[in-house]
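Chemist: Listed below are the residues making up each chain.
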Amino acid sequence: GQQLNQSPQSMFIQEGEDVSMNCTSSSIFNTWLWYKQDPGEGPVLLIALYKAGELTSNGRLTAQFGITRKDSFLNISASIPSDVGIYFCAGQETSGSRLTFGEGTQLTVNP
Amino acid sequence: EAQVTQNPRYLITVTGKKLTVTCSQNMNHEYMSWYRQDPGLGLRQIYYSMNVEVTDKGDVPEGYKVSRKEKRNFPLILESPSPNQTSLYFCASSFAGTGGPYAGEKLFFGSGTQLSVL
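In the order they appear, the protein sequences are chains B and V.
With positions in the first sequence counted from 1, the corresponding number in the numbering used here is that position plus 342.
With positions in the second sequence counted from 1, the corresponding number in the numbering used here is that position plus 18.
Worth flagging that the hints you see were computed from the coordinates, not collected in a lab.
Do not take every clue at face value.
Said to hold, decoys possible - To give an idea of the interface, some chain B residues facing chain V are shown, with a C-beta separation under 10 Å as derived from the structure:
1) LEU346
2) LEU375
3) GLY382
4) GLY384
5) ILE422
6) ALA432
7) ARG440
8) LEU441
9) THR442
10) GLY446
Stated by the list, open to error - Pairs of lysine-lysine, DSS-like flavour, derived with a Cα cap of 25 Å:
11) V:LYS87 with B:LYS393
12) V:LYS35 with V:LYS75
13) V:LYS89 with V:LYS75
14) B:LYS412 with V:LYS124
15) V:LYS36 with V:LYS89
16) V:LYS87 with V:LYS75
In this text the structure is predicted, and so the values were computed from the model without any measurement.
Ideal placement from N, C-alpha and C gives every residue a C-beta, glycine not left out.
Just need the whole structure built from these sequences, with the hints factored in.
Modeler: And the structure:
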């Protein structure tokens with residue numbers, strides 16, 4: 343199946359700092375998505391990207407669909423304690439309907 | 019309230035004892051799917067269903083069964099659980115969209131079922 347590498351695996355930051363994480367794929371994706379999983383809950387969709395080069399924001403979150411269509415980036419500005427959780431990237435193949443998820447980035451925000 | 023409901027939330031069982039994890043959604047979604055989450059491996063798809071009576075294997079289907087007799091329900095069945103199936107399981111659903119590549123993209127997840135097989 344498809345391989346998605348997400349980095350970093352974990353981050354420990356101070357409140358107010360900006361955060362960046364990314365995903366790279368071994369092949370081209372048609373759609374990139376970013377999900378967040380709060381402790382004890384299921385993932386929730388944050389941002390969906392559909393075009394190469396697309397830059398989309400959702401509040402303090404900004405995600406980009408890489409030009410090569412093999413990567414995507416998520417930035418969080420001015421982090422707050424409720425940003426804590428696991429962030430997953432997910433990609434969808436051009437010809438298929440299944441999502442492939444990255445391994446997740448565990449974010450810890452110290453007040 | 020729109021939601022995906024999984025039961026039970028926690029389950030401890032022994033090797034070989036058949037179990038079923040239920041999943042129900044109230045959003046009239048065509049697409050439903052089961053994932054398992056393991057540390058360092060992210061979410062891996064077990065089975066998915068594009069609609070009633072239509073199911074297909076995901077990336078890690080061995081040891082699992084599913085059925086989709088009704089649109090709202092998608093139970094996950096472990097006929098003979100083994101310790102390597104100890105994991106956190108998520109059910110998810112979405113609209114199939116216009117079909118083709120956008121099916122199953124904006125997933126709504128349940129709250130998870132933590133399964134331990136001793």
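Chemist: Are the hints correct? Go through all of them and say.
Modeler: Evaluation of the provided hints:
At a threshold of 10 Å, the smallest CB-CB gap from LEU346 of chain B to chain V is about 8 Å, leaving the interface hint in force. A least Cβ separation of about 7 Å between LEU375 of chain B and chain V falls short of the 10 Å threshold, and the interface hint therefore holds. The criterion of a C-beta within 10 Å of any C-beta in chain V is met by GLY382 of chain B, whose closest approach is roughly 7 Å, and the hint holds. Because the closest C-beta pair between GLY384 of chain B and chain V is about 3 Å apart, less than 10 Å, the hint holds.
Contact between ILE422 of chain B and chain V, as hinted, is not supported at the beta carbon level, the nearest pair being about 23 Å apart and thus beyond 10 Å. Satisfaction of the interface hint for ALA432 of chain B is found here, the shortest Cβ-Cβ separation to chain V being roughly 8 Å, below the 10 Å cut-off. Annotation: interface hint on ARG440 of chain B holds; nearest CB of chain V at approximately 6 Å, less than 10 Å. Checking LEU441 of chain B against chain V by beta carbon gives a least distance of about 7 Å; that is within 10 Å, so the hint holds.
Restraint check, THR442 of chain B versus chain V: the minimum CB separation of about 8 Å is within 10 Å; hint holds. Checking GLY446 of chain B against chain V by beta carbon gives a least distance of about 5 Å; that is within 10 Å, so the hint holds. Simply put, LYS87 of chain V and LYS393 of chain B have alpha-carbon atoms about 36 Å apart, too far for the 25 Å limit, and the pair is violated. Between LYS35 of chain V and LYS75 of chain V, the direct Cα distance comes to roughly 23 Å. Compliance with the 25 Å bound is thereby established for this hinted pair.
This hinted pair checks out: LYS89 of chain V and LYS75 of chain V have alpha carbons roughly 18 Å apart, not beyond 25 Å. For the hint linking LYS412 of chain B to LYS124 of chain V, the alpha-carbon distance of about 20 Å falls within 25 Å, and the restraint holds. Distance hint between LYS36 of chain V and LYS89 of chain V is fulfilled; the C-alpha atoms sit about 24 Å from each other, no more than 25 Å. The suggested pairing of LYS87 of chain V with LYS75 of chain V holds, with an alpha-carbon distance near 17 Å, which does not exceed 25 Å.
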